[in-house]
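Trainee: What follows is each chain in one-letter form.
2 protein chains.
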Amino acid sequence: MGKLVYFFGNGEAEGDAKQRDLLGGKGANLAEMTNLGIPVPPGFTIATDVCEAYYSNNKQHPAGLKEEVEANLARLEQVMGKKLGDPEDPLLVSVRSGAAVSMPGMMETVLNLGLNDRAVEGLAKKSGNPRFAYDAYRRFIQMFGNVVMGVPAEHFEQELEKLKKKRGVKEDTELTAEDLKGLVKTFKGIYSKHTKKPFPQDPKEQLWAAIDAVLESWNSPKAVKYRSIHSIRGLKGTAVNVQAMVFGNYGNDSGTGVCFSRDPSTGENKFYGEYLINAQGEDVVAGIRTPEKISQLEKKNPEVYRQLLEIKNRLESHFKDMQDIEFTIQQGKLYILQTRTGKRTGPAAVKMAVDMVNEGLITKEQAVKRIDPEQLNQLFHPQVDAKAKKSATLLAKGLNASPGAASGQIVFTAEDAEAWAADKKSVILVRKETSPEDIGGMHAAKGILTATGGMTSHAAVVARGMGRPCVAGCKDITVSGKTMRVKGKTFKEGDYITIDGNTGEVFEGSLKLIQPKLSEEYHTLMSWVDEIRLEATREGVMEKGFRVRTNADTPYDAKVAREFGAEGIGLCRTEHMFFEEGKLVIFQEMIVAEDSEARKKALRKLLPLQKKDFVGIFKEMHGLPVTIRLLDPPLHEFVPKTKAEIRELAQTLGVSPARLEEKVHSLHEFNPMLGHRGCRLGITYPEIYDMQVEAIITAACEVATKGIQVIPEIMFPLVGTVKEMALLKERAERIIQEIFQKKKTRVDYKIGSMIELPRAAIIANKLTPLVDFFSFGTNDLTQCVYGYSRDDVGTFLPVYLEQNILEEDPFKSLDQEGVGELVRMAAESSKKVKPEIKLGICGEHGGDPKSIDFCYRVGMNYVSCSPYRVPVARLAAAQAVLQSKMK
Amino acid sequence: MGKLVYFFGNGEAEGDAKQRDLLGGKGANLAEMTNLGIPVPPGFTIATDVCEAYYSNNKQHPAGLKEEVEANLARLEQVMGKKLGDPEDPLLVSVRSGAAVSMPGMMETVLNLGLNDRAVEGLAKKSGNPRFAYDAYRRFIQMFGNVVMGVPAEHFEQELEKLKKKRGVKEDTELTAEDLKGLVKTFKGIYSKHTKKPFPQDPKEQLWAAIDAVLESWNSPKAVKYRSIHSIRGLKGTAVNVQAMVFGNYGNDSGTGVCFSRDPSTGENKFYGEYLINAQGEDVVAGIRTPEKISQLEKKNPEVYRQLLEIKNRLESHFKDMQDIEFTIQQGKLYILQTRTGKRTGPAAVKMAVDMVNEGLITKEQAVKRIDPEQLNQLFHPQVDAKAKKSATLLAKGLNASPGAASGQIVFTAEDAEAWAADKKSVILVRKETSPEDIGGMHAAKGILTATGGMTSHAAVVARGMGRPCVAGCKDITVSGKTMRVKGKTFKEGDYITIDGNTGEVFEGSLKLIQPKLSEEYHTLMSWVDEIRLEATREGVMEKGFRVRTNADTPYDAKVAREFGAEGIGLCRTEHMFFEEGKLVIFQEMIVAEDSEARKKALRKLLPLQKKDFVGIFKEMHGLPVTIRLLDPPLHEFVPKTKAEIRELAQTLGVSPARLEEKVHSLHEFNPMLGHRGCRLGITYPEIYDMQVEAIITAACEVATKGIQVIPEIMFPLVGTVKEMALLKERAERIIQEIFQKKKTRVDYKIGSMIELPRAAIIANKLTPLVDFFSFGTNDLTQCVYGYSRDDVGTFLPVYLEQNILEEDPFKSLDQEGVGELVRMAAESSKKVKPEIKLGICGEHGGDPKSIDFCYRVGMNYVSCSPYRVPVARLAAAQAVLQSKMK
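Just so you know, the sequences run in chain order V and C. Read in this note's numbering, the first sequence has 850 at position 850, and its numbers run on one by one without any break. Read in this note's numbering, the second sequence has 248 at position 248, and its numbers run on one by one without any break.
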């Protein structure tokens with residue numbers, strides 16, 4: 001192992017911003033800022049390699065770490081002119097985590113480290129402020145006790161509250177030095193009671209314990225869950241930053257704050273932030289006290305404000321992205337403690353990216369790459385209907401901490417939010433304040449409402465990151481236990497409210513939500529996205545571009561998807577049509593039929609109805625291709641299950657109930673997923689596909705004569721052998737030619753097959769001569785490759801995800817190693833046989849950005865996803881194009 | 001296309017025996033015999049290419065065929081000095097089918113072709129035998145009418161019977177020339193009534209129609225079914241042999257017969273055959289008259305007998321295999337019409353092969369290659385217990401046409417045999433005589449009993465080919481409709497009888513059957529088989545040899561398999577043990593347990609019982625490896641389904657029925673095959689595998705201390721990801737080491753995984769570092785690769801096989817193109833990572849000869865199959881070794 005520790009301070013640093021993987025985001029940026037001459041308290045960063053080695057080596061430090069830390073500490077002492085534990089003038093340090101990807105609030109921090117019974121005296125004397133010194137010491141004991149030794153924080157907090165009550169004061173700041181000196185003693189008592197050890201007086205011992213606590217926090221349950229929710233993988237671990245302390249709680253000429261170089265909620269280019277006078281670091285983020293707006297600082301300390309403004313401008317220009325900056329003012333002097341790319345809402349991300357292109361800060365490609373496709377969904381977040389607002393009861397108004405609106409039932413704990421959401425209920429999580437333990441519940445909730453905390457509180461930051469609407473710091477509400485009181489009314493668990501994250505309003509009841517109007521910046525961005533997508537060329541792929549189609553079964557879905565930018569239908573499921581009023585009973589008549597003739601008779605009745613469905617879809621998709629998949633599900637899905645329903649249907653169909661029951665029974669299968677469905681039905685009951693092909697082609701000919709450009713693509717599901725495809729194709733072609741002759745007209749059409757069985761993927765090259773296109777049905781392919789039934793996977797998949805046996809639900813994001821390998825093989829082998837073959841995907845994965853990237857890399861011509869995912873897929877498709885250009 | 005027609009005659013032929021694919025077996029051997037100077041009537045063979053072209057070109061003849069047939073016909077006329085249709089001295093020909101693989105009785109033949117109203121007069125005059133001439137003509141009209149034009153044969157037969165009755169005679173031969181002349185007229189009337197055309201008088205027209213009829217018969221339903229039953233594939237079609245007629249029905253100095261160069265039933269080296277005096281070709285095979293033994297010929301015509309003996313000896317030496325020879329004697333002159341490798345029973349095949357090696361005729365390798373592994377099963381055919389025979393009622397005695405014994409319920413039609421067998425009933429098919437239409441039913445029956453027909457009748461030949469016991473020509477029984485009368489007793493459908501194919505005896509009732517003693521020849525053959533197998537070396541496979549293990553779950557199975565030559569257990573399914581008395585209820589207690597502690601408690605009770613199972617198996621398999629698969633099936637298989645059963649179990653377990661019902665309900669899955677089973681259970685309920693590993697290793701240590709050599713191999717089912725395997729392995733290793741420490745002893749063991757999911761095959765190289773061995777579970781792999789549920793496949797698989805969409809049931813013979821491709825990939829990629837890895841197969845395919853050949857080619861170290869398949873697998877394994885040496 002190479003160098004383990006990197007120093008920064010005195011205007012130069014051993015690392016820089018490019019070394020995020022090694023130094024973590026915080027460490028890399030501290031180094032970069034030091035090099036830029038920005039006032040950063042000096043310190044050193046223990047590289048992420050150490051965390052990786054720690055976990056792979058049974059929690060042992062790698063060789064040489066001790067020596068390097070000692071050497072860097074000595075250098076820090078020299079730069080600061082102070083020594084750790086010095087009874088005259090002690091050096092105090094912070095010990096902070098910081099991984100390559102920001103995980104706010106998920107890992108641990110220890111402040112004021114280096115204090116002990118003697119050093120605190122020195123600090124008191126040297127600062128001339130004993131109150132400050134004892135306050136720092138009691139905070140250190142509490143934090144060390146909690147973070148390093150696991151002493152519950154409330155034991156300390158209760159004593160603090162007791163003391164304040166005894167002294168009759170409200171704020172911590174009102175306690176005297178003597179009060180705090182007493183509190184230190186109490187806190188040390190709590191410490192030793194819980195740990196069975198006295199509070200450690202050796203600062204080196206303190207330091208190593210704090211370093212280990214930070215390393216341990218990398219795998220704390222909340223950190224693991226956060227990485228899982230945000231799909232953060234492949235990191236080595238956290239770095240550990242040891243940095244000289246600066247104090248925002250030195251007095252009223254001191255303070256601490258967080259600011260953003262642009263508005264993280266709307267994206268507007270305006271300085272935005274908050275600060276607290278006479279407070280230490282974590283107080284702002286924790287949301288315990290509601291801070292002041294940054295504009296107030298201009299009035300109170302114009303010089304510091306000017307410096308801060310200048311620094312934030314430099315940092316944004318330097319990093320070419322919106323910055324989230326932590327600062328501390330110690331006795332009028334400004335220090336920057338951290339800068340990082342700021343989290344933002346979807347609408348803000350789009351606006352900033354487009355603005356920065358217009359400002360000449362970044363290129364169009366950078367803008368497109370920068371936006372998380374999932375965040376794009378937030379642009380389509382519902383809004384409260386203005387009309388509904390007029391007659392609604394406004395309960396309170398808080399901070400508009402994260403945009404969008406949500407309505408649902410109140411729950412008061414993260415656990416309840418997760419449980420209720422699992423029952424398909426829409427919930428609003430209402431908390432006094434949220435903490436990192438709550439992220440699961442925040443993710444499960446439709447929206448979040450907190451009583452305290454500002455725009456940079458935990459609730460606000462996390463909600464924006466997740467795209468959940470949030471109203472924070474809503475002072476009018478009081479939360480206690482499982483009740484919320486507001487304006488004299490009491491709300492209980494399960495009561496309905498609506499929150500508007502754009503305005504900060506909270507309404508009683510469930511208000512009507514509507515779709516928002518899309519911003520001009522959105523349209524600009526998407527024009528760049530489409531340009532990148534459609535101009536993309538790849539080796540081995542004949543057609544230019546990477547297209548986005550949609551899965552749509554009705555003219556309405558087709559219309560919606562087209563408005564979202566779909567460039568065709570990639571999957572039109574014909575079976576859904578049979579469930580519609582009037583059609584189901586005819587289809588059931590077909591199922592019950594005793595022979596081919598009776599089946600045909602029923603199908604003749606269905607033909608005009610099915611034809612009408614296709615006419616409607618073809619009209620909506622004028623000029624664009626429409627892939628129609630013939631009947632896929634097993635027949636038992638179309639018949640009733642209960643005795644009463646069977647009796648009713650028997651009467652309708654004019655058959656005996658016993659006979660119908662027998663038929664229903666005969667359709668039962670042990671594993672319907674692997675049963676008599678797909679083209680197996682089409683081969684055993686050829687009349688069904690005959691009718692469907694006739695309906696498709698007749699409809700196409702009819703709309704074509706009316707001047708509508710129609711490109712039907714007939715797709716056979718569940719093909720596994722060459723003979724199946726040959727048989728199905730021959731029969732379809734014969735019917736098509738008959739229709740052309742009868743109608744004395746013709747339309748262009750394509751014939752293709754799903755690739756959704758492993759066998760189809762394996763023999764794709766042999767199927768290729770028979771088809772114009774393949775569409776990868778990665779839902780069923782995933783089921784077969786893993787041997788997982790999607791309907792039953794709930795019995796073990798949660799355990800698998802929890803134990804990290806699977807990194808991701810393979811039904812959500814395509815398993816590139818297993819399923820993807822078959823897809824890759826099939827794509828490659830089929831292109832060798834027929835370079836012009838069209839390849840697409842129509843499983844759920846067609847809307848998943850990572851899967852879309854994979855589809856581009858294996859040479860697919862398009863992805864197909866649900867209508868509402870189309871914008872996300874377009875962006876992800878453009879990013880895939882850019883990503884592959886980088887290689 | 002090249003040459004289409006090949007001439008033979010006058011001591012030389014254009015083809016030879018090596019050209020079976022081109023000329024069919026019959027044509028190639030006629031050519032070969034001609035070249036050998038054996039008296040063969042001259043003729044020509046239309047190559048199989050013509051049949052192939054006929055079917056691929058919409059039933060059109062290929063260009064040039066007409067000219068070549070005309071030219072060869074002219075040559076034949078020249079050699080014979082007669083002309084087709086000559087009114088003075090007409091040439092008559094036979095038109096016969098003959099594919100590369102013998103399909104006796106499956107395709108068509110037309111004899112006496114060339115006769116018309118004028119030629120028959122010439123034949124009468126020239127032969128001086130008008131009775132013979134008109135008999136030949138009426139036979140030709142009947143055969144042409146039936147075979148070429150589809151006139152039902154019974155119309156002609158009824159008229160013949162009517163005439164015989166009218167004349168008061170019993171045999172055809174008693175009819176006069178005038179009688180037959182009148183019959184010709186009647187037959188022509190039947191012909192034109194059914195075909196609406198007069199009987200064709202142009203011999204060329206007759207010839208082409210007959211050629212087409214033979215080509216058509218290639219795809220007749222019975223021929224297609226025969227090929228399907230015998231897995232005959234990849235042939236071009238049938239050849240057509242046009243050959244000058246010779247007549248066995250010229251008078252009492254003429255005759256026709258069939259002989260074998262050795263006894264096809266026992267393999268003894270003795271001349272064996274039958275003949276009929278004054279009869280034409282098909283009469284012997286059809287079993288209508290019971291013929292005389294060949295030894296009778298020696299008395300009646302010693303010169304012809306001597307010639308025949310000499311010819312059969314030459315043919316056997318020449319072809320180096322037992323020959324099945326058809327001959328005709330025309331006015332005292334011997335002609336050979338056909339020779340082919342004779343069908344034989346399994347025991348005969350073994351005896352002949354070993355004898356021929358001893359005689360120096362063939363090599364050991366040839367002997368091993370020659371025996372159909374499936375036929376080996378017949379050596380284990382049950383025999384009637386001698387003790388049971390003593391007290392049984394002997395009903396009748398017929399010919400011992402095919403060895404082995406069978407007991408079951410009587411059925412009288414092939415359809416009934418198939419239907420009853422589908423209901424899992426054992427049936428004996430009882431018929432007056434069998435015909436090619438009956439093969440489905442013969443295959444479905446346990447044994448066959450016929451009233452007429454000799455040792456070379458259809459029933460006898462087919463039964464020997466299929467390995468079904470058969471008693472033929474049992475004259476004491478009378479079959480009419482669905483009754484059989486024998487010795488005054490009447491037997492109906494469903495009554496039980498027992499037949500002994502070794503002795504020809506038929507008994508009333510169902511007698512006890514026992515296993516036969518194996519012959520010395522069998523042991524000799526198997527010693528050669530094992531030598532070939534165990535000495536085999538392959539590139540890329542470290543360990544020498546190709547081994548055969550068994551699937552055995554009990555000490556008894558293990559013992560049986562070892563006696564059959566198994567070299568270890570390839571699959572010991574632990575779940576079957578849980579179904580045993582006393583264990584099931586404890587296992588159910590485990591399933592119902594509310595938490596890990598309660599589960600562990602139940603498992604503690606199971607531990608000693610399961611350990612005992614393993615002790616028993618290890619003892620039986622002393623010195624051989626035992627692969628034990630941990631629990632695989634879903635838990636719902638272990639709980640009752642009905643309310644009553646649930647109530648009973650609830651009482652036994654002391655839980656509330658409602659609670660138990662809820663638990664049972666919660667175990668229900670939509671697709672259990674893809675559900676919560678295999679190692680997914682092992683991961684979610686780790687206690688189960690912990691107990692099993694403990695039982696295995698504790699048992700192994702215990703027997704090892706008693707001096708028994710034990711090699712346990714622990715196998716995890718349904719592994720799909722690397723993390724699963726890592727987790728399972730780590731946990732097992734920990735338990736194993738604990739036991740070793742506790743017991744202060746250790747045993748060698750292996751840890752491995754099934755490869756039964758497509759994903760496991762795809763990532764096999766990544767699993768490899770974690771395992772000592774892989775066992776391919778090709779049952780589940782086939783289910784996943786095809787997306788076929790084995791339990792539900794009955795809904796469409798029969799249609800798929802019938803329509804030839806699948807050439808074979810992929811659960812019977814490994815699908816080498818699809819499933820096999822994944823197996824091949826996995827074997828190759830895993831050996832790259834770990835060349836010493838052990839690979840085996842434990843699905844049903846492990847006992848299928850073609851699949852065994854595949855397993856050898858992809859580098860597996862062993863196959864594993866059910867105990868009774870072990871000898872078959874050993875032979876197939878040796879053949880695979882020899883086959884791969886040829887390449």
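Do not rely on the hints blindly, as some may be mistaken.
Identical copies carry no separate label here, and so any pair may be met within one copy or between two of them.
[As the list claims (entries may be wrong)] The list that follows gives simulated cross-link-like pairs (lysine to aspartate or glutamate, EDC-like), each with its CA atoms no further than 20 Å apart:
#1 723 - 174
#2 475 - 690
#3 766 - 821
#4 181 - 89
#5 885 - 157
#6 489 - 205
#7 482 - 738
#8 3 - 178
#9 164 - 179
#10 66 - 89
#11 193 - 690
#12 766 - 374
#13 723 - 802
Honestly, the hints are just simulated from the structure, not real lab data. Small disclaimer: the values here were computed from a predicted structure and weren't measured.
Trainee: Indicate, hint by hint, whether the structure satisfies it.
Mentor: Results for each hint:
1. Proximity of residue 723 and residue 174 under a CA criterion of 20 Å is satisfied in neither setting, with 86 Å inside one chain copy and 56 Å between copies.
2. For the identical chains of this complex, residue 475 and residue 690 are neighbours neither inside a copy (66 Å) nor across copies (55 Å), given an alpha-carbon limit of 20 Å.
3. Taking the closest pair of Cα atoms, residue 766 and residue 821 come within 20 Å of each other both inside a single copy (18 Å) and across two copies (13 Å).
4. For a Cα distance limit of 20 Å, the shortest separation of residue 181 from residue 89 inside one copy, 18 Å, qualifies, whereas the shortest one across copies, 139 Å, does not.
5. With identical chains, the CA atoms of residue 885 and residue 157 are never at most 20 Å apart, being 55 Å at best within one copy and 83 Å at best between copies.
6. Within a single copy, residue 489 and residue 205 get their C-alpha atoms no closer than 53 Å, and across copies no closer than 105 Å, so neither meets the 20 Å cut-off.
7. In this assembly of identical chains, residue 482 and residue 738 lie within 20 Å of each other by CA distance neither inside one copy nor across copies; the values are 70 Å within and 50 Å between.
8. Proximity of residue 3 and residue 178 under a CA criterion of 20 Å is satisfied in neither setting, with 46 Å inside one chain copy and 118 Å between copies.
9. When the C-alpha separation of residue 164 and residue 179 is checked against a cutoff of 20 Å, the pair qualifies only within one copy, where the shortest distance is 9 Å, while the shortest distance between copies is 135 Å.
10. When the C-alpha separation of residue 66 and residue 89 is checked against a cutoff of 20 Å, the pair qualifies neither within a copy, at 25 Å, nor between copies, at 117 Å.
11. Taking the shortest Cα distances, residue 193 and residue 690 never come within 20 Å of each other, neither inside one copy (81 Å) nor across copies (40 Å).
12. When the C-alpha separation of residue 766 and residue 374 is checked against a cutoff of 20 Å, the pair qualifies neither within a copy, at 38 Å, nor between copies, at 32 Å.
13. In this assembly of identical chains, residue 723 and residue 802 lie within 20 Å of each other by CA distance solely across copies; the values are 12 Å between and 43 Å within a copy.
Of the numbered hints listed earlier, those contradicted by the structure are 1, 2, 5, 6, 7, 8, 10, 11 and 12.
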